[in-house]
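Starting from the given sequences, assemble the full structure and let the hints guide the process.
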Amino acid sequence: MNREKRNLLLNGISLILLFGILYLFDQYGSDYHVRILNNMAIFVTLAVSYNLINGICGILHLGPNAFIAIGAYTAALLTMSPLEKQMNYIIQPLIWPLNSLHAPFVISVLAGGVMATIFAFLISFPVFRVRGDYLAIVTLGFGEVIRVLCNALQGVTNGPLGLKGLSPFTNLWWSWGVAVVTIVLITRLINSSYGLAMKAIRDDEIAARAMGIDPFRHLLLAFLVSAFFSGVSGGLLAHLITTISPTLFTFFLTFNLLIMIVVGGLGSTTGAIIGAMLFAWGGEALRIVEAPMNFGFFTIPGIPGMRMVIFSLILMVVIIFVRRGIMGRNEFNWDWFFGRHQK
Amino acid sequence: MTSTIFLQQLINGISLGSLYGLVAVGYTMVYGILRLINFAHGDLLMFAAYVAIYATTLSALPWFLSFPLAIIVTGVLGIVLDRAAYKPLRNAPRISLLISAIGASFLLENLALVFIGGVPRAFPRPEVFDKVISLFGLRIQVLTLYTPIVTLVLLFGLLYIVFRTKVGKAMRAASKDFETTRLMGINLDRIISITFLLGSMLAAAGGIMWAMKYPQVNPFMGVFPGLKAFIAAVLGGIGNITGAVLGGFLLGLGEILIVAFVPELAQYRDAFAFVILILVLLFRPTGIMGEPIIDKS
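From first to last, the protein sequence lines are chains H and U. Oh and the first sequence: position 209 is 209 in our numbering, straight run, nothing missing. Oh and the second sequence: position 32 is 32 in our numbering, straight run, nothing missing.
In case anyone wonders, no lab produced these hints; they're calculated from the structure. Owing to the predicted nature of the structure, the values given are computational and were not obtained by experimental measurement. Ideal Cβ placement from N, Cα and C applies to all residues, glycine included. Among the clues, some could well be false.
Selected chain H positions facing chain U (in silico; Cβ < 10 Å) [stated by the list, open to error]:
id : residue
1  : ASN2
2  : PHE105
3  : VAL106
4  : VAL130
5  : VAL138
6  : LEU258
7  : LEU266
8  : VAL317
Just some of the chain U residues that point at chain H, by a computed CB distance under 8 Å [as the list claims (entries may be wrong)]:
id : residue
9  : PRO88
10 : LEU98
11 : ILE99
12 : SER100
13 : LEU111
14 : LEU135
15 : TYR268
Anything over 12 Å on all C-beta distances counts as not near chain U; from chain H, calculated [claimed, not checked]:
id : residue
16 : ILE36
17 : MET87
18 : ILE95
19 : VAL114
20 : VAL181
21 : TYR194
22 : ALA208
23 : THR242
24 : SER245
25 : LEU248
26 : ALA291
27 : SER312
Here it is, written out as structure tokens:
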């Protein structure tokens, strides 16, 4: 059996294993575990698509929260029935074409992705005129502008009240299905000639240009792909937690994604997946530090915010002392797996 | 709009702008030398405000002692910040430095949240600044008048240090070329520390005045002033101290006047600065007074 066939077979087996585990959780797991697994899948999708920009293209983009928000609002507005919308929009009625639109879940989520891509295209022209710190602050500003718009455009987003009572369409199959599709597509993109060009731009933009690579075209491609999957995850997220409001999509969300990909290893899809899963699990496990602690003699009251202190510390320790994170820029593959065990 | 209201808004705008300017100077100085957006700079405002609160209420210091104390302590925190979060990354890729800065910012905010709590606190505003005076038929709070004056005094002090002293000369040299500066026998780490000290002290002064203007102090109060001050620095031309203050004035005036002329835009006020930023970067990336940015490697 040659390598390619073997790898394909092993990939297939792991997929079946993954969905087998999901099936078990779906049938016998508690709601709490299912919720964590759903979160995990959405974080994986977000981290992998975010890593495409930050890790592979080497550009510090700080506005994925905007694309997630756009995807979430678009999808939510499409899946809600006209009656539900009427009940949600108390202060100001929803503007015309949106109040009568109604679409099934799949189409809504895809529309969320497409809408995020359109916004990404519009913003890409000012964004890619600059590099480095400026790009970071422009994308951060874009995230803020979208948040301000979510708050202010009451006729579209219902303002600070947000949208409530969305149907909980997102289940394990949808969230993990999207995660797997995202991983496969983005890995293929990274391993294609486009991906090579993106890495070349990351390592040395001037040299890449000299080789005939058009940075704008490649960065734009990565940006659009990343925005699309962020938007799709936004739609999934909205239908997982069933309530969305502008406070959900602040810079805080971006910061969490940044922790995931930095801890996993900037530039590694495997790292992004590991980082996202660790984050989803760690976020729950660390709830202990915020809960009241009882030592028998005395009780420490719960300290809200302690988790974020720990996460920020982890981020800084990783970036200062172990800059490569868990995976560095390496990827998991079966050859590496077997090569290691033969020795 | 009557001319009285216009004048009133103009003065408010200048006052707000001078606050942005004060904070922007710190950004521009650090950016000039390290080519780093010090994301944690805005949180120094918050830190200074809390120190001032504790110094005034706990140790019952009069304000003219507690405010300078807060400014000095914040200056020291600035140096610590550089040593802990940025110094180990001097030779690292810029993206790592930026991520470290974001981490430091979140760390400071959440440490404040854990140790002080998220409930906003009232800032003990000294009565001296509470007075309201009438000027040409306008009723103006003294604080609104003092803010730009303090800003200008501090700015001239800073300009003196940067352009008339040896340390300032070293700072200007460091912002041009690290290696050559080192070859000239200048202790670069000392110069960087002094830069952080000065920038942080200005941020602290800005933070205290901000807290007096909007007397609600909470762990996240520095985020928006910080971001806007950075935009002011870009608007004025990053790396240029006078430009930063000018940018601050323009941004503050613009924010106040736009809301004054078109009140419907009030809820978009926070987005205004970012729209300006995008426009500046599109049409004049070097800002109003900036020189072309040299990429230091």
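These are the hints, each one checked on the structure:
Taking 10 Å as the C-beta cut-off, the interface hint given for ASN2 of chain H is violated, the closest approach to chain U being about 39 Å. Residue-level restraint check for PHE105 of chain H is violated (minimum Cβ-Cβ distance to chain U is 32 Å; threshold 10 Å). Annotation: interface hint on VAL106 of chain H violated; nearest CB of chain U at approximately 33 Å, more than 10 Å. Interface restraint check: VAL130 of chain H against chain U, minimum CB-CB distance 5 Å, threshold 10 Å, status holds.
Hint status for VAL138 of chain H relative to chain U: holds, with the closest Cβ pair at about 6 Å, below 10 Å. Against a cut-off of 10 Å between C-beta atoms, the interface hint on LEU258 of chain H holds, since the closest Cβ of chain U lies about 6 Å away. With a least beta-carbon distance of about 8 Å to chain U, the hint placing LEU266 of chain H at the interface is held under the 10 Å criterion. With its C-beta approaching chain U no nearer than about 9 Å, VAL317 of chain H sits inside the 10 Å limit, and its interface hint holds.
Interface hint at PRO88 of chain U: satisfied, since its Cβ lies 5 Å from the closest Cβ of chain H, which is below the 8 Å cut-off. The beta carbon of LEU98 of chain U comes within 6 Å of a beta carbon in chain H, closer than 8 Å, and the hint placing it at the interface holds. The beta carbon of ILE99 of chain U comes within 5 Å of a beta carbon in chain H, closer than 8 Å, and the hint placing it at the interface holds. A hinted interface residue such as SER100 of chain U counts as satisfied when its beta carbon comes closer than 8 Å to some beta carbon of chain H; here the least separation is about 5 Å, so the hint holds.
Using the Cβ-Cβ criterion of 8 Å, the hint placing LEU111 of chain U at the interface with chain H is satisfied: the shortest such distance is roughly 6 Å. Violation of the interface hint for LEU135 of chain U is found here, the shortest Cβ-Cβ separation to chain H being roughly 35 Å, above the 8 Å cut-off. With a least beta-carbon distance of about 6 Å to chain H, the hint placing TYR268 of chain U at the interface is held under the 8 Å criterion. Separation of ILE36 of chain H from chain U is adequate, the least Cβ-Cβ distance of about 23 Å exceeding the 12 Å criterion.
No beta-carbon of chain U is positioned within 12 Å of the beta-carbon of MET87 of chain H; the least distance is around 24 Å. At roughly 17 Å from the closest C-beta of chain U, the C-beta of ILE95 of chain H stays outside 12 Å, upholding its exclusion from the interface. Here VAL114 of chain H stays apart from chain U, with its beta-carbon at least about 23 Å from theirs, past the 12 Å limit. Residue-level check passed: VAL181 of chain H sits 28 Å from the nearest beta carbon of chain U, beyond 12 Å.
For TYR194 of chain H, the condition that its CB be more than 12 Å from all CB atoms of chain U holds, with the nearest at approximately 21 Å. For ALA208 of chain H, the shortest C-beta to C-beta distance to chain U comes to about 16 Å, beyond the 12 Å cut-off, and the non-interface label holds. Under the 12 Å C-beta cut-off, the non-interface status given to THR242 of chain H relative to chain U holds; the minimum distance is some 26 Å. Remark: the non-interface label on SER245 of chain H is consistent with the geometry, its nearest Cβ contact in chain U lying 15 Å away (cut-off 12 Å).
Here LEU248 of chain H stays apart from chain U, with its beta-carbon at least about 16 Å from theirs, past the 12 Å limit. Every C-beta of chain U lies more than 12 Å from that of ALA291 of chain H, the closest at about 14 Å, which supports listing it as non-interface. A cut-off of 12 Å between C-beta atoms contradicts the statement that SER312 of chain H is not in contact with chain U; the least separation is 4 Å.
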